[in-house]
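Novice: Chains H and E, in that order, are what the protein sequence lines are.
As numbered in my numbering, residues 1 to 306 make up the first sequence, in order.
As numbered in my numbering, residues 1 to 261 make up the second sequence, in order.
Simulated from the structure, these hints should not be mistaken for lab results.
Among the hints, erroneous ones may be present.
In silico lysine-lysine, PhoX-like type, Cα no more than 20 angstroms apart, as pairs [what the hints assert, rightly or not]:
| id | chain 1 | residue 1 | chain 2 | residue 2 |
| --- | --- | --- | --- | --- |
| 1 | H | Lys108 | H | Lys127 |
| 2 | E | Lys189 | H | Lys127 |
| 3 | E | Lys8 | H | Lys108 |
| 4 | H | Lys127 | E | Lys19 |
| 5 | H | Lys73 | H | Lys63 |
| 6 | E | Lys8 | E | Lys19 |
| 7 | E | Lys8 | E | Lys18 |
| 8 | E | Lys134 | H | Lys127 |
| 9 | H | Lys133 | H | Lys63 |
| 10 | E | Lys84 | H | Lys133 |
| 11 | E | Lys84 | H | Lys127 |
To list a few chain H residues with every Cβ distance to chain E over 12 angstroms, as calculated [unchecked claim]:
| id | residue |
| --- | --- |
| 12 | Pro64 |
| 13 | Thr94 |
| 14 | Asp109 |
| 15 | Ser288 |
Glycine included, every Cβ here is placed at the ideal spot set by N, Cα and C.
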Amino acid sequence: MITLDHASRWYGQVIGINDVTCQITTGITALLGPNGAGKSTLMRLVTGQLRPTTGRVTVFDRKPFANPAVFRKLGYCPEIEASYDDMTGREFVTMLAALGGVGSNRLKDQVAETLQQVGMAENAERKIGGYSKGMRQRIKLAQCIVHDPDVLILDEPLNGLDPVGRRDMAAILTRLAASGKCILVSSHILYEVEALTHNILLIHRGRLLAQGNVHQIRSLIDAHPHRISITAEDPRRLAHHLLDLPYVLSVRFDAARAGWLEIETRSPEAFYGHFPDLVAAANCPISSFESPDNNLEAVFRYLVGE
Amino acid sequence: MPDLYLLKSALRDLVRVKKLSAAIILAVLPALIALAWRLDGTRHDVDLHAAYDALEGALVYGFVLVLLSVVFATGVVTQEVEGKTISYLLTRPVPRWRILLDKFAAALIAIILTTSVASLLLALVTYGPADLGKSHLARDLAILPVGALAYGSLFLWIATFLNRPLLIGLLFAFGWEAWVPSLPGSFQKISLMVYLRALAPHPQPTGESADLNSFLANTLAPAAISHTLAHWVLTAIILLALGLAIVTFSHREYLAREDLD
Numbered sequence: 001m002i003t004l005d006h007a008s009r010w011y012g013q014v015i016g017i018n019d020v021t022c023q024i025t026t027g028i029t030a031l032l033g034p035n036g037a038g039k040s041t042l043m044r045l046v047t048g049q050l051r052p053t054t055g056r057v058t059v060f061d062r063k064p065f066a067n068p069a070v071f072r073k074l075g076y077c078p079e080i081e082a083s084y085d086d087m088t089g090r091e092f093v094t095m096l097a098a099l100g101g102v103g104s105n106r107l108k109d110q111v112a113e114t115l116q117q118v119g120m121a122e123n124a125e126r127k128i129g130g131y132s133k134g135m136r137q138r139i140k141l142a143q144c145i146v147h148d149p150d151v152l153i154l155d156e157p158l159n160g161l162d163p164v165g166r167r168d169m170a171a172i173l174t175r176l177a178a179s180g181k182c183i184l185v186s187s188h189i190l191y192e193v194e195a196l197t198h199n200i201l202l203i204h205r206g207r208l209l210a211q212g213n214v215h216q217i218r219s220l221i222d223a224h225p226h227r228i229s230i231t232a233e234d235p236r237r238l239a240h241h242l243l244d245l246p247y248v249l250s251v252r253f254d255a256a257r258a259g260w261l262e263i264e265t266r267s268p269e270a271f272y273g274h275f276p277d278l279v280a281a282a283n284c285p286i287s288s289f290e291s292p293d294n295n296l297e298a299v300f301r302y303l304v305g306e
Numbered sequence: 001m002p003d004l005y006l007l008k009s010a011l012r013d014l015v016r017v018k019k020l021s022a023a024i025i026l027a028v029l030p031a032l033i034a035l036a037w038r039l040d041g042t043r044h045d046v047d048l049h050a051a052y053d054a055l056e057g058a059l060v061y062g063f064v065l066v067l068l069s070v071v072f073a074t075g076v077v078t079q080e081v082e083g084k085t086i087s088y089l090l091t092r093p094v095p096r097w098r099i100l101l102d103k104f105a106a107a108l109i110a111i112i113l114t115t116s117v118a119s120l121l122l123a124l125v126t127y128g129p130a131d132l133g134k135s136h137l138a139r140d141l142a143i144l145p146v147g148a149l150a151y152g153s154l155f156l157w158i159a160t161f162l163n164r165p166l167l168i169g170l171l172f173a174f175g176w177e178a179w180v181p182s183l184p185g186s187f188q189k190i191s192l193m194v195y196l197r198a199l200a201p202h203p204q205p206t207g208e209s210a211d212l213n214s215f216l217a218n219t220l221a222p223a224a225i226s227h228t229l230a231h232w233v234l235t236a237i238i239l240l241a242l243g244l245a246i247v248t249f250s251h252r253e254y255l256a257r258e259d260l261d
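Starting from the given sequences, assemble the full structure and let the hints guide the process.
Specialist: Structure (C-alpha cells):
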C-alpha cells in the first residue's frame, strides 16, 4: 500500500529522511525512533504534505502530494496539539468528515458512531480548547478514521494518554488492523509500540536502521553489552557475588558515589532473573537499580556504532 | 458540501471575539470621526459632500479596506499554517484551490460587510438619514467589493508564497499604496488605489473641510484614468493574482516556521 523507494527529504542543509526504502502493508506498523529521527517527515511524505527531494513515495501506486485520489483512502492524525479550539469535538469531526467525502445522508450517523468508537461521545459538545491532552488525541483519532480510510497514518497517537487511554487506543487500532486497514503509528517509546504491534521500522537521524519484528529489535538490545547500575549497602560484597555469575562481564565502582557499582552483561534477561535470589542469598540490601541502556537511544547508539 | 463546511468554519473564525471587535471598531471609526467633526462648533459652513468624500476616501478606502484586506486575506493561509491546522485540510480529498477559494470567500464577505457598514454609518452621520440619497453611498457600496477583491486577491497571493505576509502586506498597503499615488506623472498608475479612486472618486474638499483633508494624509488628487481602463486593470489584477494564488497554493509545501527551522 505504501512504498518508499530510496526516498530522501532535506530541509535546506538539514536532513529529514535519507535514502529510505520500505514497504508498508496491511496491519499495524510502528515507526520507532527518538525525537528528531525523521518520523514526522516520513509521515508528511506519505500523507502528501511534502515531496521527496530524491527517490519516490507512493500510496496505492500514486504519488500522494496534493492528490485527492490518495486522500480519499487516507486518514492522518498529526502529532500537533493545535486544533480548531473554538469548535466542539463534534463540529470538528463533522467538518473533516464532510471534507473527507462522507455524504450528507450519512454524515451525522457516521460522526456519532466514530465519536462513540473513540470514547468521545460524552464530551463531543465541549469546545476542543477545553480538552485534556488525552481527549485531543481521541478527537484527532476520530477525525482520522471518520471517513473510513484504508490507510491510517498516526503521528505519536499515544502521547499524553493515560494507561486506560493507551489501552483503549491500542484496542481501536488493533480492531481497525484486523479489518484490513494499513496503519502506520509513530512513537519514540519502545514499550508503547510493543503493546500494539510486532512489526517495526526503526529510524534514526533520517535513516532506516532496521525493519522487522519487535523481538528482533529486543534481541538487538539484549545482544550488546548492557549496563546496570546498582546502589547497595555493601557494593564490594555484592560485586564478589555478582562476579560468580558467568554472564557478568565486568564490575565498576565510582569513588565519588558511595554504594554505587555498575555491571556489564551480555544477558540482561538472565541477569534480571537471578538477581533477586542473589541479593537475598548474599544478604546484601540494595537501594536502587536501573539500566541506562534499557531504552531506545541505547539501541540506536549501538546500531550506528557509537 | 465540503465547500459549505469550509466557508462556514472560516466565517465562524472571523466572528471570534478579537476579530469581531477589531472589525466593529474599524466599522464605526470613520463615523465617530465624522461625528466629532460635525459636533465641532467652530465649523458652520460645512460642505457635506466634501466631508463625506474626504473621510470615505481616506478612512474607508484608504485605511479600513486596505487594512482588513491585508489582515483577512493573508490570514486565509497563514492562520492555518502557523496554527498548524493546515495539515488537516491538505490531507483531505478536496482540491487545494477549492480550499483556498472557500476560505477567501469568507474573508471577502467579512471585508465587504465591514467596509460597507463603515460607509453606511459614515454617510448616516455626515448627511443624516433624511439626506442619505444625496450622498455617493450607493456608488461607494458598489465599488467597495471591487476593492476588496483586488486587494484581497493580491494579499492572498502574497500569503501563498511568503512566510511573513502580514508584515509585507502592511508595508505594501501603507507604504507603497500611500506613497505611489502621490508620485507625479504615470508612476501613480502602478498603485491599485488610483484605479479604485477612478471608479469611486473622492475629490479633495474645499472650505473648512480642507482642514480635515490636510489632517488626513491619504487624500489625493484624482488620477486621469478612465472608468473603462480602471475596470480592465482591476479585473486583470484580480484574475492574475487569484490565478497565481491558486497555482502557488496547489504546488507549495506548507509547514509552520518552527517546523522549517
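Novice: Lys108/H and Lys127/H were given as a pair; does the straight-line alpha-carbon distance stay at or below 20 angstroms?
Specialist: Holds, because 18 angstroms separates the two Cα atoms, which is no more than 20 angstroms.
Novice: Would you check the hint for Lys189/E and Lys127/H, treating anything up to 20 angstroms between C-alpha atoms as holding?
Specialist: Distance ~49 angstroms between Lys189/E and Lys127/H Cα, so the pair is violated.
Novice: Would you mind confirming whether the straight-line C-alpha gap from Lys134/E to Lys127/H stays at or under 20 angstroms?
Specialist: violated, 49 angstroms
Novice: Quick one, are Lys84/E and Lys133/H close enough, alpha carbons at most 20 angstroms?
Specialist: OK: Lys84/E and Lys133/H at ~16 angstroms, within 20 angstroms.
Novice: Between the alpha carbons of Lys8/E and Lys18/E, is the straight-line distance 20 angstroms or under?
Specialist: OK: Lys8/E and Lys18/E at ~18 angstroms, within 20 angstroms.
Novice: Is Lys84/E within 20 angstroms of Lys127/H, Cα to Cα?
Specialist: The given pair, whose Cα atoms are some 18 angstroms apart, holds under the 20 angstroms limit.
Novice: Please verify whether Lys8/E and Lys19/E have alpha carbons no more than 20 angstroms apart.
Specialist: Satisfied, since the Cα-Cα distance of roughly 16 angstroms is no more than 20 angstroms.
Novice: Run the C-beta distances from Pro64/H to all of chain E and say if the shortest one exceeds 12 angstroms.
Specialist: violated, 9 angstroms
Novice: Taking the shortest Cβ-to-Cβ distance between Ser288/H and chain E, state whether it exceeds 12 angstroms.
Specialist: Given a closest Cβ separation of 38 angstroms, the condition holds.
Novice: Given the hinted pair Lys133/H and Lys63/H, is their Cα-Cα distance within 20 angstroms?
Specialist: violated, 33 angstroms
Novice: Beyond 12 angstroms from chain E, beta-carbon-wise, is Asp109/H?
Specialist: holds, 15 angstroms
Novice: Is Lys8/E close enough to Lys108/H, meaning Cα to Cα at most 20 angstroms?
Specialist: Judged against 20 angstroms, a Cα distance of about 17 angstroms means the pair holds.
The structure does not agree with the numbered hints 2, 8, 9, 12 and 13 stated previously, though it agrees with the rest.
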